[in-house]
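**Q** Listed below, chain by chain, are the residues.
There are 2 protein chains.
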Amino acid sequence: MRLTTFTDYCLRVLMFVGAKEGETSTIEEIAGSYGISRNHLMKVVFRLGQLGYLTNVRGKGGGIYLAAKPERINIGALVRQTEEDLAIVECFEQSATDCRIESACILRQALGKALNAFLAVLDSYTLADLLAPRRKLSQILNIPAPRRLGKKAS
Amino acid sequence: MRLTTFTDYCLRVLMFVGAKEGETSTIEEIAGSYGISRNHLMKVVFRLGQLGYLTNVRGKGGGIYLAAKPERINIGALVRQTEEDLAIVECFEQSATDCRIESACILRQALGKALNAFLAVLDSYTLADLLAPRRKLSQILNIPAPRRLGKKAS
Numbered sequence: 000m001r002l003t004t005f006t007d008y009c010l011r012v013l014m015f016v017g018a019k020e021g022e023t024s025t026i027e028e029i030a031g032s033y034g035i036s037r038n039h040l041m042k043v044v045f046r047l048g049q050l051g052y053l054t055n056v057r058g059k060g061g062g063i064y065l066a067a068k069p070e071r072i073n074i075g076a077l078v079r080q081t082e083e084d085l086a087i088v089e090c091f092e093q094s095a096t097d098c099r100i101e102s103a104c105i106l107r108q109a110l111g112k113a114l115n116a117f118l119a120v121l122d123s124y125t126l127a128d129l130l131a132p133r134r135k136l137s138q139i140l141n142i143p144a145p146r147r148l149g150k151k152a153s
Numbered sequence: 000m001r002l003t004t005f006t007d008y009c010l011r012v013l014m015f016v017g018a019k020e021g022e023t024s025t026i027e028e029i030a031g032s033y034g035i036s037r038n039h040l041m042k043v044v045f046r047l048g049q050l051g052y053l054t055n056v057r058g059k060g061g062g063i064y065l066a067a068k069p070e071r072i073n074i075g076a077l078v079r080q081t082e083e084d085l086a087i088v089e090c091f092e093q094s095a096t097d098c099r100i101e102s103a104c105i106l107r108q109a110l111g112k113a114l115n116a117f118l119a120v121l122d123s124y125t126l127a128d129l130l131a132p133r134r135k136l137s138q139i140l141n142i143p144a145p146r147r148l149g150k151k152a153s
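These protein sequences, in sequence, are chains A and B.
Under numbering that gives the first Met the number 0, the first residue of the first sequence carries the number 0, and numbering increases by one thereafter.
Under numbering that gives the first Met the number 0, the first residue of the second sequence carries the number 0, and numbering increases by one thereafter.
Incorrect hints may have been included.
Note that identical chains are pooled: a pair holds if it fits in a single copy or bridges any two copies.
Calculated pairs, BS3-like style, for lysine-lysine (alpha carbon to alpha carbon, straight line, at most 27 Å) [as the list claims (entries may be wrong)]:
(1) LYS59 / LYS42
(2) LYS68 / LYS112
(3) LYS112 / LYS135
(4) LYS112 / LYS59
(5) LYS68 / LYS42
Don't read these hints as lab results, they were simulated from the structure.
Keep in mind it's a predicted model, so treat the numbers as computed, not measured.
Chain A with its partners taken away, still in its complex shape (with noise of 0.2 Å):
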């Protein structure tokens, strides 16, 4: 049982971007540090551009941040986006199941709960949360100290 690791590099990039503090981040950048390839990461911008957690600015000294501010971004929300199926057995997808028993299924219910229950805990945290230790994720990715020229994110 895994997230898939477009969910897992959407969060990765909100927090690299979260990082800088109001400053632009490029793709190259976060692929660099993470040593993620940059074609995958074009895709999970373009989502998180889509679902309105990160803003494009094109053009010279352009680039990414977010279009939200870090404590207004809900993990349990952005996984539930971002994760193509939380179906986590065959009978909670939406497209028809004939397993016979499922009208007497406690099972279905109990896996039900699990999940309310996984979910549950990524919504009491938000990107704030993750960005708490914003000096040691600045050094590690190799984050230069924020200039503060001017709060993007809002």
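Starting from the structure of chain A, add chain B where the hints point.
**A** Chain B alone, transformed into the frame defined by chain A:
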């Protein structure tokens, strides 16, 4: 995010065998009832035997039955045994990870807590709970009323 088909089948096999209340089941019966391939089920039954959940009786009239009382079979424990991978993201794998932010990663803690919450719900269920609607299960699965010849599961 989903459990493996292997875990799903392990759970369904135990529900079938448990619903027979001590009478032996055959792989053919279970395969027919769930519409699952016999080959898949053989691996599942073999593994459940290795793990001490099923006993196999050879010969005419033989088959499989529960090797423990349903109330002694914990669903959380079973899932921990049958899931080959509870590494919710890459950095949970035992084989080394090179994610650079690991030492400052609150996300890893959050996902660990979420996984524990998922398993804690399953820990609160035993096979006996899943068998509570036994009459309905038996009807759906075409299991005849028990002859109660003696309790083979102990």
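**Q** Give a verdict on every hint.
**A** Hints, one by one, checked against the model:
1. Taking the shortest alpha-carbon separations for LYS59 and LYS42, only the intra-copy value of 22 Å comes in at or below 27 Å, while the best inter-copy value is 59 Å.
2. For the homomeric pair LYS68 and LYS112, the shortest alpha-carbon distance between copies (24 Å) is at most 27 Å, but the shortest distance inside one copy (31 Å) is not.
3. Taking the shortest Cα distances, LYS112 and LYS135 sit within 27 Å of each other only across copies (22 Å), while inside one copy they are farther apart (36 Å).
4. In this homomeric assembly, LYS112 and LYS59 never come within 27 Å of each other (Cα to Cα): the closest approach is 49 Å inside a single copy and 42 Å across copies.
5. When the C-alpha separation of LYS68 and LYS42 is checked against a cutoff of 27 Å, the pair qualifies only within one copy, where the shortest distance is 22 Å, while the shortest distance between copies is 50 Å.
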